[in-house]
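Asker: Starting from the given sequences, assemble the full structure and let the hints guide the process.
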Amino acid sequence: MADMKVAAYICQGCGLGERLDTAALASVAKKEGKAALIKEHEFLCNADGIKMIRDDIANEAVTHVMIGACSRRAKTEAFGFTDVCVSRANLREGVIWSQPETEEARETTQEMAEDYIRMGCAEVKKMTLPEGDPAAVTERTLLVVGGGVSGMTAALEASKAGYKVVLVEKSGALGGWAAKLHKRTPGKSPYKDPQNTPVAEMAAAIEADANIKVYLNASTSKTSGAPGRFEIEISTESGSTTIEKVGAIVQATGFELYDANKLPELGYGKSANVVDQAGLEALAKAANGSPIKRPSDGGEVKTVVFVQCAGQRDDSGKHLPYCSGSCCLTSVKQAMYFKEANPDIDTVVIYTDLRMPGNGEDFYRSGQEKGVIFTKGKVSGVEAAGNQCKVSFQDLILNDQVAIDNADLVVLATGQVPNSGVDIDTKLKAEIAAAAGDNSLMEAYTASQQEGAVQPISMLNLTYRQGPDVPQLKYGFTDSHFICFPYETRRTGIYSAGPVRRPMDMVQAMEDATGAAMKAIQAIENAGLGRAAHPRSGDLSFPKVRLEGCTQCKRCTVECPFGAIDEDEKRFPLFNQARCRRCGTCMGACPVRVISFENYSIDTVGSQLKAVDVPDEFSEKPRILILACENDAYPALDMAAMNRNVYSAFVRVIPVRCLGSVNTIWINDALSSGYDGVMMMGCKHGDDYQCHFVKGSELANIRMSKIGDTLKNMSLEEERVSTFEVAITDIERVPQLINDYAALIQKIGMSPMKGF
Amino acid sequence: MTDVIATNQTILVVGGGISGMTAALEAAECGKNVVLVEKNAALGGRVSQLYRYFPKLCHPVCGLEINQRRLKQNPRIRVLTMAEVTEITGGEGDYTATVKLAPRYVNENCTACGECGKAVDAEVPDAFNYNLSKVKAAYLPHKMAYPQRYVIDPSIIGTADADKAKAACKYGAVDLDMKEESVQFKAGAVIWATGWKPYDAAKIQPYGYDRFSNVITSVEFERLADIHGPTKGKILRPSDGKEARNIAFIQCAGSRDENHLRHCSRICCMASLKQTNYVREAYGDEGKSTIYYIDIRAIDRFEDFYQKVQKDKTVTFIKSKVAKAVQDEKTGDVVLHGVNTEGYHRYATPHDLVVLAVGMEPSVMAANLPAEIVSDSSGFIEADPSNHAFFGAGCASNPLDVNRAVQSATASALRAIQVVNRVARVEG
Amino acid sequence: MAKKTYSFYPGCSSQTKASSDNYLKSTNSMCKYLDIELKEIPDWNCCGASIGYAEGGELPRIALSARNMALSEQHNPGMDLVATCAACWLSTREAKERIAHSSQTLSEANTALAEAGLSYKGNQAARHMAEVLVEDFGFDELKRGVKKPLQGIKFAGYVGCQTNRPFGLAGESFENPKYLDNLVEAMGGEAVPYDQKVTCCGGALAFSEPEKSQKQIKDIIESAYDHGAEMIVTPCPLCQANVEIYQGEVNKRFGTKFNIPVTYYSQLITVAYGGTAAEAALDGQLIRATRLEDIAKK
Amino acid sequence: MSENYRNNFLKEVEERVEEGHWVKMCMQCGVCAGSCPLGAHWAHPPQELFMMIRAGKREEVLTSDSMWMCTSCYNCVVRCPRKLPITHIMHGLANLAYRLGLSPKNQTTQKFASMFWNNLAQTGRVNELKLSLGMYFKDGFGQGIKNAMAMQSVGLGMVKAKRLNPMELFGGHGIKDKSGFHAMLKKAREIEDRRKNFA
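Residue numbers (the numbering used here), protein chains in the order written: chain G, 1040 to 1795; chain E, 35 to 462; chain H, 14 to 311; chain U, 263 to 461.
Errors might be hidden in some of the hints.
Restraint-style ranges between C-beta atoms, simulated for each label pair [what the hints assert, rightly or not]: (1) Gly-124/E x Glu-1081/G: 41 to 51 angstroms; (2) Met-287/U x Asn-1381/G: 47 to 57 angstroms; (3) Glu-277/E x Gly-1356/G: 51 to 61 angstroms.
Partial list, derived from the structure: chain U residues whose beta carbon lies under 8 angstroms from chain G [what the hints assert, rightly or not]: (4) Asn-269; (5) Phe-271; (6) Glu-274; (7) Lys-286; (8) Met-313; (9) Met-314; (10) Arg-320; (11) Asn-381; (12) Thr-385; (13) Gly-406.
For the record, the hints were derived by calculation from the structure and aren't laboratory data. Glycine included, every Cβ here is placed at the ideal spot set by N, Cα and C.
Answerer: Written as structure tokens, this is what we have:
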């Protein structure tokens, strides 16, 4: 890169010229910011202003641009120069819109603006242009684990887009759960009758597809690498192993039915005539259109009772707490098997809430038309009596404790249990706690491993530092926590599809698998270009680490929310660029500050906070540093300003990628530079966390809980560092928090650290 | 003149709600060129008008912020707002789209400084708040609007107000001479992410939405709870601005009803369960929510949320399709009449406010197309070979929650990519 | 407008000196003003109303209506069948739709009709007089004939059940039909909004369950009163009869002091068009509609 | 063997009750129950009757007086999300109960309903006076006199308003083709009885 040349541009539009002394700002940029080129412009974001900057880049060899105008969230495209480093001093939303337009406020408003110019200049000087990964490679092949309908869909859809696929199926044939079905529930209009499953058709299409290579009776015994360069060891039952190189992975490992043996109160195991939905499918398959016989004696079936939510929606802690979303449809379909063979067979579905969304309502109606009887009730027990069963239940409509004592067959709608492999989070949490000095979780974990308990079998056998499988969200499902971003698993380039992600029916599974294939293809393409995946999609920056300073504390490797960092043989962190999502959690974690990004580093932030002009103790002008999550807290501040919700003039705001990227050195630096307080604004954490990098705000919270010692050493009050959970809608609350905090600081007094 | 550069390897995405944005972004982040057409003045669609999402109770605009940031830095997506597809001709891999652009009267010079809004006097109903409040006739569609650019309401064009707006703008951004224009461009595949509209509650006559001010819809209730809404986040009822503490939620308002929508709209149960939380948030133990339902459809792990709400003592569940609502003229309370079918209990219960959990109706497409799009009995676009390279995404394809709509949109992006990749292979 | 001709089904209650004799008389006057010719279906029979179900069952009741329609088709071909009574209209239209939806019902009905030497084809629409007014004339057209606007009179338009549900007038809501109000306004009167517009008067249960149906009647009248109505107007003879006749009983039972006239739209139109009290059959009111009589006298 | 939740009664209803095949389509939302003007007076609202039919509670259903409370207002019909013709099903159930002799003793609406039918079936048109008097005297002569006296003012008013003709008692309105009419009804009844399996 050529020599650094910093240019500072100060906009006078949107009232900046009227509210601020822009000439003074220019002078700050020159004298303190040491900008080589300083220009004021009355309307910087218009074509003329942009052209001016462009010309300077082209003709004046400007390499670093500081723009003193509006928030970085405004006019992003106009100021989105990709060939130079850019910093934005937020004078509009951050200063004039959030400060009262009064004569008395003029001085503090100007001071605020001058500080932001100092900060912008300081920041940009520490930035370098992200180089990306010149060695980025990518394998344009997908691995699909699981050969059920979800896996087959992912494989076929990816192939249709021109990508190669390796499909690994643990059994001897494709089809998974669907292959066990007599018929499937309809997936298209008119939603009236059971349909043939697509298994045969899809399997044939896969066989005929030169892009798709299938391994049957096989498993992924080892998965290493990163998006673009995964290396998969595939082991077959016969003992052979093969290595396949792939760019991304779709995990479609499906589900098992909840074990009905755990439901003896519903007669399972006590009578052959009590079956689960899989059992009924087997009977239907065997009957193949002729009447289904009673299992116990092959007798005629006259009455069938379907017990919905068997072992599901359970709040006692004994069974599955969730609903499997598909069993109502399945029971209606199965009742139709009987009605099709003989309309005189009585089929009763006992349910508490029928859950057949969308045009499932048509299927419900169709079931009723065919004479399936639906009864809102709670089944209390199923008892076998000879070749029949007695189903006792509370009829919730007739408010009556009743029984059907002549059921020839009872079908229990048990739920879906995902095949998601090993739950890695327990150990990971223990490791994080251990790194923070708390060993209790680790002891408990170790104990649990030694009790000889049956351990789940890994699905992927990832060689990742953080464990062999994709982290689970809840109840073993590997779903994303993000409503807007359902494909955000915590393992870049590995996407769950179908019921392993979330309980679902076949229609949804096929849709889901298509989406997962899309994301996998995208991961392949991004890996080839060295770009980050969501949410910082396109980001070319990447953590640079000075290993010579590393103390091997492992914090970065255990705290990385995406498992991007392994450990090498010498126990140094081994960064895998294509797995990294550029959140900076590792940078925040590193006690020796050896991890930074080119455009976001210990220095870019550190130099900003140090650039602020901190008045002396007697000025009655405290300084409060705000480190604000760029996705929620920072927009909330912007929008508060758009609403002209004013807040204290003593705060200086620095947006951060995530609170997880906040290194305690910044706090130390701020306090020792004489700041009177530090507010950290991040997203909600806990069960319903809203952090886009999963646990950044939670980690920050843990780290900051330990800052008390530092404060004590400096003889400072612990209120001087505070963390806040802020939502993007907090446009009134955030200014209030700031003002309350400023008042608090006023109360406890100015920091004694000023002037050191 | 607006110029759109596109080829038959471009993907046209119709609809800029979360599904359309997702489809566009996923395709663009895969290296494809996309034109995203939105009929409103800003992207974001229905979800940008929601206060919180179920079940996390997080804020939809948070995801919107991320998606807009993705969009701002991706040069492969061309966004056209105030734009509607009027015609598509041609066939798979070789479509020509005609898009009508309504005049915004504000050009790209706009800095969203707000001076034009201050200058005009006229107010127009604020569509973002479902017309529950008014907004100046020169307005930013909402605080997070993308593009972040003001709009001048056509109703003031030709009036002194328009001239005031123009005079107030120092940046030459107000252009009162803008005219409706029409652009044509190529596309290889089309993703219809046209979303849904709340079922017209006035059609559900027994509930008197058209007659009783204190009967509102679930989407309107979202605006009441939102800080950016007409009451700044306070739950006040329309008739008299009184705090609405005792609120009824009527499920299946239009859905699962052959007189209205045949289908179950999937989201409404969860939406009402979520909204009971708004009541709790606002009034704590003093609040009271009553949910009148047929079946509570808290599907899959949403069941957790249902169980949590069931444990809330301020929330009551009544298995009943409400027969009739009557607003008391003196008190403003709305009395609901019906029968709790669990054991047969009649009720005539007054509530401060009644919220109709209105169903999802697919938005109607007015465009001329080469062939009618195959859809189901409710009008949702089906996956069907005769739709060629027209793909439904999100709620245009099924009544879906946000999560599933995004999945559907992601899937539709791949289907479109399959087409344009095929075109690319043929064209080399 | 050209003369309009309809095949007319007056129904039992509209016969001379039957309970809605005044409905028939005023309808005839109204039709004279509107240049409508009503051709009575020869030898029509009772529709069976809704209440005939216990003894009558299903097919015999359908046969009743089928006979009327068959006679209408035979004697008044090419015309729409029009009824003034809500029950007559409903039974006829229901029978028509039931037959249309089932070929079995059609053949069974015709088998029965054959016994009376008739056959049913289903080529005439079955309509209510209110439909004729709203659809074939329209409010603007109806307004044109007004000579004596019913200025200053506040009417509660009581639509009731069977002209409203399950069929009703096209485009009208079951809960808040507006046509009667619009008709009142077209005649220069004022239609008051009130919330019992479509409440059931108790129908045939006025006889068998008097206390229950009188509660219904009480609610209807009370609401009309509370909203300032001076008069109730209705398109249904049973509604008219129940709401008018039982006011004394209701007063006794509930301690109310109701004395509100209950009229037919045909009476309003006749008066507004300049008809005499006799033409409007105002002498048929148990509770005199004096405000209408005053206008008729003017 | 228990008949609980077997379809026997449902099948009977489908066969013998007007529009009975709709009963299975009910989804127990209860809008009918809440819409009925006489709802408060029923033991079992329609939706509950439908559930009882599905649960096989034949006797409870047929001996109930619930369906006799139907005023034929059609509120339930227009609001039913499944478009069940509930009014007709109620009539049909009442008819079945009546035909089987299971309807409650002294059910006044039942009496009125059969009187009404017999009244019209005689002459082809309803004789309002005879019908009213019949209704007053349904519980015997003494009660009838009392009932008639109680309603005397109404009757006199009607006479005065020329809306009731005392002479109706002796003949009154009627159709001409009585024989064809009677034959038609007889035939219709015959067909229906055959179809519904009534003796």
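Asker: Run every hint past the structure and note whether it holds.
Answerer: How the hints compare with the structure:
Hint check: Gly-124/E to Glu-1081/G, Cβ distance near 47 angstroms, so the stated range 41 to 51 angstroms holds. In this structure the supplied range 47 to 57 angstroms is violated for Met-287/U paired with Asn-1381/G, their Cβ-Cβ distance being about 21 angstroms. A hinted range of 51 to 61 angstroms is violated for the C-beta pair Glu-277/E and Gly-1356/G, which are about 39 angstroms apart. The restraint placing Asn-269/U at the interface with chain G holds, with a minimum CB-CB distance near 5 angstroms, inside the 8 angstroms limit.
The interface hint given for Phe-271/U is violated, since its Cβ lies 11 angstroms from the closest Cβ of chain G, which is over the 8 angstroms cut-off. The interface hint given for Glu-274/U is violated, since its Cβ lies 13 angstroms from the closest Cβ of chain G, which is over the 8 angstroms cut-off. Of the supplied interface hints, the one on Lys-286/U holds, with its beta-carbon coming within about 5 angstroms of a beta-carbon of chain G, less than 8 angstroms. Restraint check, Met-313/U versus chain G: the minimum CB separation of about 5 angstroms is within 8 angstroms; hint holds.
Taking 8 angstroms as the C-beta contact cut-off toward chain G, the hint placing Met-314/U at the interface holds, the least distance being around 7 angstroms. Of the supplied interface hints, the one on Arg-320/U is violated, with its beta-carbon coming no nearer than about 14 angstroms to a beta-carbon of chain G, more than 8 angstroms. Taking 8 angstroms as the C-beta cut-off, the interface hint given for Asn-381/U is violated, the closest approach to chain G being about 39 angstroms. Nearest Cβ of chain G to the Cβ of Thr-385/U: about 43 angstroms, over the 8 angstroms cut. The hint is violated.
The beta carbon of Gly-406/U comes no nearer than 40 angstroms to any beta carbon in chain G, farther than 8 angstroms, and the hint placing it at the interface is violated.
Consistency with the previously given hints fails for numbers 2, 3, 5, 6, 10, 11, 12, 13, ordered from lowest to highest.
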